[in-house]
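In case you want the letters, here they are:
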Amino acid sequence: GAGVSQSPSNKVTEKGKDVELRCDPISGHTALYWYRQSLGQGLEFLIYFQGNSAPDKSGLPSDRFSAERTGGSVSTLTIQRTQQEDSAVYLCASSQGGVPYNEQFFGPGTRLTVL
Amino acid sequence: QKEVEQNSGPLSVPEGAIASLNCTYSDRGSQSFFWYRQYSGKSPELIMSIYSNGDKEDGRFTAQLNKASQYVSLLIRDSQPSDSATYLCAVNKGPMKTSYDKVIFGPGTSLSVIP
Chain V
1 GAGVSQSPSN
11 KVTEKGKDVE
21 LRCDPISGHT
31 ALYWYRQSLG
41 QGLEFLIYFQ
51 GNSAPDKSGL
61 PSDRFSAERT
71 GGSVSTLTIQ
81 RTQQEDSAVY
91 LCASSQGGVP
101 YNEQFFGPGT
111 RLTVL
Chain D
1 QKEVEQNSGP
11 LSVPEGAIAS
21 LNCTYSDRGS
31 QSFFWYRQYS
41 GKSPELIMSI
51 YSNGDKEDGR
61 FTAQLNKASQ
71 YVSLLIRDSQ
81 PSDSATYLCA
91 VNKGPMKTSY
101 DKVIFGPGTS
111 LSVIP
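Just so you know, the protein sequences line up as chains V and D, in that order.
When we follow the numbering used here, the leftmost residue of the first sequence carries the number 1, and every step to the right adds one.
When we follow the numbering used here, the leftmost residue of the second sequence carries the number 1, and every step to the right adds one.
In short, the hints are calculated from the structure, not lab data.
Don't be surprised by glycine CBs; every beta carbon is placed ideally from N, CA and C.
Worth double-checking, as some hints may not be accurate.
Once the Cα atoms are required to be at most 30 Å apart in a straight line, the calculated BS3-like pairs of lysine-lysine come out as [claimed, not checked]:
no. : chain 1 : residue 1 : chain 2 : residue 2
1   : D       : Lys42     : V       : Lys17
2   : D       : Lys56     : D       : Lys102
3   : V       : Lys11     : D       : Lys67
4   : V       : Lys57     : V       : Lys11
5   : D       : Lys67     : D       : Lys102
6   : V       : Lys57     : V       : Lys17
7   : D       : Lys56     : V       : Lys57
8   : D       : Lys2      : D       : Lys56
9   : V       : Lys17     : D       : Lys67
10  : D       : Lys67     : D       : Lys56
11  : D       : Lys42     : V       : Lys11
12  : V       : Lys15     : D       : Lys42
13  : D       : Lys102    : D       : Lys2
14  : D       : Lys42     : V       : Lys57
15  : V       : Lys57     : D       : Lys67
16  : V       : Lys15     : V       : Lys57
17  : D       : Lys2      : D       : Lys42
18  : D       : Lys42     : D       : Lys56
19  : D       : Lys42     : D       : Lys102
20  : D       : Lys2      : D       : Lys67
Which bits of chain V does chain D cover? Going by a derived footprint, with three or more residues having C-beta under 8 Å, they are [said to hold, decoys possible]:
no. : segment
21  : 11-20
22  : 102-114
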């Protein structure tokens with residue numbers, strides 16, 4: 001079946017512009033995660049959606065970052081007024097949700113470059 | 001104390017040897033444990049999951065879990081150069097109100113298998 005998809009695969013933008021990154025999770029997966037990974041670094045948790053629960057936004061680095069998940073499926077991560085330090089690969093993952101079988105499956109990522 | 005800790009490496013082993021990767025976690029309520037492999041420039045890929053104490057084998061990979069010691073490890077037998085990658089340990093956060101199945105990643109261990 002189809003895996004997690006993300007778009008665009010690459011995004012180059014100018015400092016100060018807004019960007020939207022999209023994630024399509026695996027059908028039926030109730031949990032969705034966004035991570036950021038800078039070059040040579042580990043995964044940085046950003047936000048977590050689980051079903052109809054309030055999202056866990058504890059990893060968002062600033063109020064320029066926001067995310068929504070419509071209809072419990074597709075998610076959009078929005079970065080306003082982009083800065084050069086926002087340059088990274090943004091990864092989305094989904095899982096069935098529910099312990100203990102909450103294995104995450106990752107999308108290919110969006111590489112964001114802020115000039 | 002970080003929630004999930006790993007030696008950052010790099011860990012170098014000769015081809016054909018056993019590579020041993022270790023991970024410790026802080027939340028005693030954790031129930032799900034995962035190992036992901038991430039090749040340079042690629043997304044993390046799930047390679048093993050383990051939910052109960054003891055060993056779980058899958059081909060050349062063996063995951064070991066000791067909940068009393070809050071320790072999980074991954075053994076790779078007959079290591080191949082193609083195993084060279086960063087290995088991420090991930091642990092579910094445990095039974096809290098809205099983050100019961102939130103998964104926390106460690107920083108990863110870089111493995112290099114020398115031909």
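Comparing the hints with the structure gives:
1. D/Lys42 <-> V/Lys17: With Cα atoms ~27 Å apart, lysine 42 of chain D and lysine 17 of chain V stay inside 30 Å; holds.
2. D/Lys56 <-> D/Lys102: Holds: lysine 56 of chain D and lysine 102 of chain D sit about 23 Å apart, inside 30 Å.
3. V/Lys11 <-> D/Lys67: violated, 43 Å
4. V/Lys57 <-> V/Lys11: holds, 23 Å
5. D/Lys67 <-> D/Lys102: holds, 18 Å
6. V/Lys57 <-> V/Lys17: This hinted pair holds, its Cα atoms lying about 22 Å apart.
7. D/Lys56 <-> V/Lys57: Given that 30 Å is the threshold and the Cα spacing comes to 34 Å, the pair is violated.
8. D/Lys2 <-> D/Lys56: It holds: about 26 Å lies between the C-alpha atoms, which stays within 30 Å.
9. V/Lys17 <-> D/Lys67: With a Cα-Cα distance of about 47 Å, the restraint between lysine 17 of chain V and lysine 67 of chain D is violated, given a limit of 30 Å.
10. D/Lys67 <-> D/Lys56: Holds, at about 14 Å.
11. D/Lys42 <-> V/Lys11: holds, 17 Å
12. V/Lys15 <-> D/Lys42: holds, 26 Å
13. D/Lys102 <-> D/Lys2: holds, 15 Å
14. D/Lys42 <-> V/Lys57: holds, 25 Å
15. V/Lys57 <-> D/Lys67: holds, 29 Å
16. V/Lys15 <-> V/Lys57: holds, 24 Å
17. D/Lys2 <-> D/Lys42: holds, 25 Å
18. D/Lys42 <-> D/Lys56: Between lysine 42 of chain D and lysine 56 of chain D the Cα gap is close to 26 Å, so the pair holds against 30 Å.
19. D/Lys42 <-> D/Lys102: Roughly 23 Å separates the two Cα atoms, so the pair holds.
20. D/Lys2 <-> D/Lys67: holds, 17 Å
21. 11-20: violated (count 0)
22. 102-114: Holds, because 8 residues of the segment 102-114 of chain V bring their Cβ atoms closer than 8 Å to Cβ atoms of chain D.
Of the numbered hints listed earlier, those contradicted by the structure are 3, 7, 9, 21.
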